[in-house]
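Peer 1: With these hints in hand, go ahead and build the complete structure from the sequences.
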Amino acid sequence: MDDDEDFQALFFSETRELLDALLEHLNLMADEAGDSETVHAAFRAVHSVKGGAAAFGFDRLIGFAHIFETVMDRIREDDLALDNQLAQILLRSGDMLQVLAEKAEAGEDDAPIEGLDKLHQELAILAGEEPSAAESNSAPTDVENTPDEAPTDTPAEDSASTLAEITCRITPEDTFFESGHDILRLVRSARDMGLTGVHTEGQVAELAKFDPNDMGLTWELTFQTERTIDEVEAFFSIYAHTAQLEFIDENQTDEEDEDPEPDDEGSQGSGGGTDPDGGETAPDAPPQAAAEPAAKAADATQRPDQGKPGQSRPASGPASRGGDPSKSLRVEIARIDRLVNLVGEMLITQAALAQQITDGDENHVSDMAHSVDAMSRQLRELQESVMAIRAQPVKSVFRRMPRVVRDLAEKLGKEAKLELEGENTEVDATVIEELSEPLIHMIRNSMDHGLEDNDTREAEGKPRVGTIRLSAEHRGERVIITIVDDGKGVNRERVLAKAIDRGLVSADDQIAPEEIDMLIFHPGFSTAEEVSSVSGRGVGMDVVKKKIVALGGRCTLKSTPGKGTIFTITLPLTLAVMDGMTVAIGDQKYILPLSQVVEALNITRESSKQLPDGSNLLERRGEYLRLLSLRSALDLPPLDSSKEMAIVVDTETTGHVALTVDELIGQRQIVLKSLEANFRKVDGISGATILGDGQVALILDVPALVRMQSSGFSMQEVYH
Amino acid sequence: MSTVLAVDDTRALRAMLSDCLKKGGHDVILACDGVEALDQLRKHKPDIVITDLNMPRMNGLDFIEAARREPEGKALPMLLLTTETAQGLKDRAKAVRATGWLTKPFDPKQILSLIEQLA
Amino acid sequence: MTFASNQTATMENGDRDNAPTGTDVRQYVTFLVGESIYGVDINLVREIKQWTPTTVLPNQPSYTKGVLNLRGTIVPVHDLRARFGGALTEPTETNVVVIVWIGTKTVGILVDAVSDIIGVPSEEIRQVPAGHAMGDMSAIGGLVTAQAGMVALLDLNTMFPSEEETNF
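Protein chains in written order, with our numbering: chain F, 7 to 726; chain B, 11 to 129; chain R, 16 to 183.
I should point out that these hints are in silico values taken from the structure, not numbers from a laboratory. Everything numeric in this text was worked out from a predicted model, so none of it was measured. Any given hint might turn out to be false.
Which chain F residues stay away from chain R? Per the calculated CB distances, all over 10 Å, these [claimed, not checked]:
id, residue
1, Ala-27
2, Gly-620
3, Leu-623
FRET-style restraints, in silico, Cβ to Cβ [claimed, not checked]:
id, chain 1, residue 1, chain 2, residue 2, range
4, F, Pro-118, B, Glu-126, 42 to 52 Å
5, F, Gln-673, R, Pro-144, 52 to 62 Å
6, R, Leu-158, F, Glu-669, 42 to 52 Å
7, R, Pro-76, F, Arg-386, 29 to 39 Å
For lysine-lysine, the following DSSO-like pairs were computed, each having C-alpha atoms within a straight-line distance of at most 30 Å [as the list claims (entries may be wrong)]:
id, chain 1, residue 1, chain 2, residue 2
8, F, Lys-679, R, Lys-64
9, F, Lys-504, F, Lys-553
10, F, Lys-595, R, Lys-64
11, F, Lys-595, F, Lys-615
12, F, Lys-569, F, Lys-553
13, R, Lys-120, F, Lys-595
14, F, Lys-595, F, Lys-552
15, R, Lys-64, F, Lys-687
16, R, Lys-120, F, Lys-687
17, B, Lys-32, B, Lys-104
18, F, Lys-417, F, Lys-553
19, F, Lys-504, F, Lys-569
20, R, Lys-120, F, Lys-679
In this text, a Cβ means the ideal position worked out from N, Cα and C, and glycines have one as well.
Peer 2: Structure (structure tokens):
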């Protein structure tokens, strides 16, 4: 099937979600915070993964999910007590399931996985299966049956020579009709199989008086058909659930007869669900094999067992797709509905407006104003709704972190607890995708450099197990994500020594403790020398910062020696909307991203200085900042303005710089528009927005502007 | 051509079932659990139901049991399609008047011919 | 602007059958810049707007007047007079911006006024004589004589190539 790949992609993306949820439940269980519903949900997640895997024949995944499921089932049934040790095994199994799914997705269903066999064994023991016995267990259904004896008056309607003559006796149980079967439909369908005769035994009710509950009939259907008995049996197998079946292949040796039920059995039906012959119903096999119970005669011809996973479908090849195939978004239906409704409303308003314009007389002006008002409101709501569609809870990223912590705990030999908070906080979908890597990085950093090892902690009177708390919350139009650890804080001496060593600061500099902390975000700070196997993957915290800034966010850190460290990431809710500070230069207005604005200062004669090369400096609380004229940076005609102001911005790469503007107009939220859509990239401009009066205002790319102005100006930005 | 209600909490399986059924020329209604399935049953009056067993909110057995009480579900063929093989569950399936028991992975041909046969 | 909407009506009714039959007749919107008349294929004209002040872009050729807001999208505006080597236009409310399609992009052209819509049979289009001295004539795709005088038909793609080059 061509679509197999698509279904597989769907399966894997769903499996990721299921496993995320599974780990969440398992974590709750490990924290003894779960209830029976948690266990149940975890069970269901494993089960669903198994079911999906079965559809695609990922055998190793199925096998592991199966044994895992069995263990979960025993916990669910209180057969197994959930203690810490078991909880840890479950968590590891959850991780393993993720690994298996990843391997399957990568088309490496056979690639060896470290620890898989061992974990499988552990689970098998917990499942109460002898590891060896597990195999024989794979065929759980038996075909054994009580051979009953009954007279077969095989009515042999004269066999056409080449056609096999097969007879099926079907005796509906009293639930047959209530279970949605219809004997007339059966007979009709059977015609296609080459049905040549129908006999009934027992009381024949008139069709008009036919009562579904009036059982006691055995139907004997005779086929003269090119089909094999297997095919005929396959046709009937679905009825085996609620009827006794018996097959007689006339071309085979005559078999003993049987009559599973006395004719009068259940003739009154007595309706109820009780099985009149509970013992005889016999162990049900999978449907394909289910015809056997009463069909001694057919035992000789065994149908291929389709019950085994992966056998009946053409084994679909390994999914050979890399990366995340799904750029799709799952959206609550309610949000879509709201959009649909709004669009509907707008169409109505638009129609009204069109009508009013056609009518064209002046009395309609107020109506039109009304409609325009309505439309403006609808548009605003539409915009909000569209934004809301892109909003997704951070949960999907947060849930990956416990595994990160567990892995690290093992590698570092440090026990640590991860607390998650505010997982339902919503952020723009693009942001969520990009958030994972920086978060993993920061958590690594906290695990590796923040938390002390368990013994040290104990010796210092701290709880033996360190805690990392990852939380998210909305604050105004922004999302704040914090990573708090209760470790030892930034080792300022070491950081400073390293920074001096790297030439980032000079040994003579007086650097405030907070500034030392921030040095870890400096691009020059953590280099390859940082070769702890955990944090040191050749990237440092500067990468984290870069990533966050690229998302329009900010990244800060606060550390208290001996107490711990707080990383704070501030992000805009959506990427298309940002907070900006509007400034004016002449008659033009510009937007500075608020995330880059540090403060606004008045420029006084005393505070502005000039260097011999003509470049300007601004004194701020005892330090000097570069003072750049936005007017000249933006190629605007020079103008003597006495009321210039300085906006201090953080350029990320070159620290704080002061920009002169004519006027500070204020903060506002702006919707980003592209210049490139109809024009091209303009240096120093990151985009544009439309102001309330319909004018276009450019959004300044501050770091680029500063770079453009500083060709030939390569000194450090802060002069102490 | 029949209207088939396919119920499964696994999106991938829903999609596969739906695809298989549509290729067989049937109209397909989907539901992701028993609660939704009941709702769909009342709304769309399908000719046949194929349902998973383990599902959140309402499992396949409870769904069938409930559906049998609905006028739309009284005589409706309702097949269970599951990875389960436990006898106890099959007994329950019988007790709630499930039409038949199929094991996953499903065989598209088998599903289609069963629909021909039952619906 | 009534002028523009009248023109729109004309454009829509613009009737090819009036022109000599049997030849390929194309409709052009003509507009005035000083004494000159320019024409643009009507299919490429999106709308005609009264001039409104634009937002200045830094570090651009002088003929780029900046950008304007066209119902939520940002559209650059170029001064046609300056583009052909003339003086920069000091636009007032009487000036007009012709919004045109160039490939997938929408661009505004600042002119003095829109003048007419003319049907031009393809065989009446004359080549620009070689060796013409004034300005950059490669942006003129051809010349045609109308009632009002000679019309220079603009080849938009070569006129503002930068719009085309990027983003592809």
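Peer 1: For the pair supplied as a hint, Lys-504 (chain F) and Lys-569 (chain F), confirm whether the alpha-carbon distance does not exceed 30 Å.
Peer 2: Roughly 22 Å separates the two Cα atoms, so the pair holds.
Peer 1: CA of Lys-120 (chain R) to CA of Lys-595 (chain F), is that 30 Å or under?
Peer 2: holds, 25 Å
Peer 1: If I claimed the Cβ atoms of Pro-76 (chain R) and Arg-386 (chain F) lie 29 to 39 Å apart, would that claim hold in this structure?
Peer 2: Given range 29 to 39 Å: holds, Cβ gap about 38 Å.
Peer 1: A cut-off of 10 Å on Cβ-Cβ distance, and Ala-27 (chain F) was said to be off the interface with chain R. Does that hold?
Peer 2: holds, 40 Å
Peer 1: Keeping to a limit of 30 Å between CA atoms, is the pair of Lys-504 (chain F) and Lys-553 (chain F) held or broken?
Peer 2: Holds. Lys-504 (chain F) to Lys-553 (chain F) sits at ~23 Å (cutoff 30 Å).
Peer 1: Is the nearest CB of chain R more than 10 Å from the CB of Gly-620 (chain F)?
Peer 2: holds, 21 Å
Peer 1: Would the pair Lys-120 (chain R) and Lys-679 (chain F) pass a check requiring their Cα atoms to be no farther apart than 30 Å?
Peer 2: OK: Lys-120 (chain R) and Lys-679 (chain F) at ~15 Å, within 30 Å.
Peer 1: Over 10 Å from every CB of chain R: does Leu-623 (chain F) meet that, or does the non-interface label fail?
Peer 2: holds, 24 Å
Peer 1: Tell me if the beta carbons of Leu-158 (chain R) and Glu-669 (chain F) are separated by a distance inside 42 to 52 Å.
Peer 2: holds, 50 Å
Peer 1: If you draw a straight line from the CA of Lys-679 (chain F) to the CA of Lys-64 (chain R), is it 30 Å or shorter?
Peer 2: Satisfied, since the Cα-Cα distance of roughly 21 Å is no more than 30 Å.
Peer 1: For the pair supplied as a hint, Lys-595 (chain F) and Lys-552 (chain F), is the alpha-carbon distance within the 30 Å limit?
Peer 2: holds, 28 Å
Peer 1: Take a look at whether the Cβ-Cβ distance between Gln-673 (chain F) and Pro-144 (chain R) falls inside 52 to 62 Å.
Peer 2: holds, 59 Å
Checked against the numbered hints listed earlier, the structure breaks none of them; every hint is satisfied.
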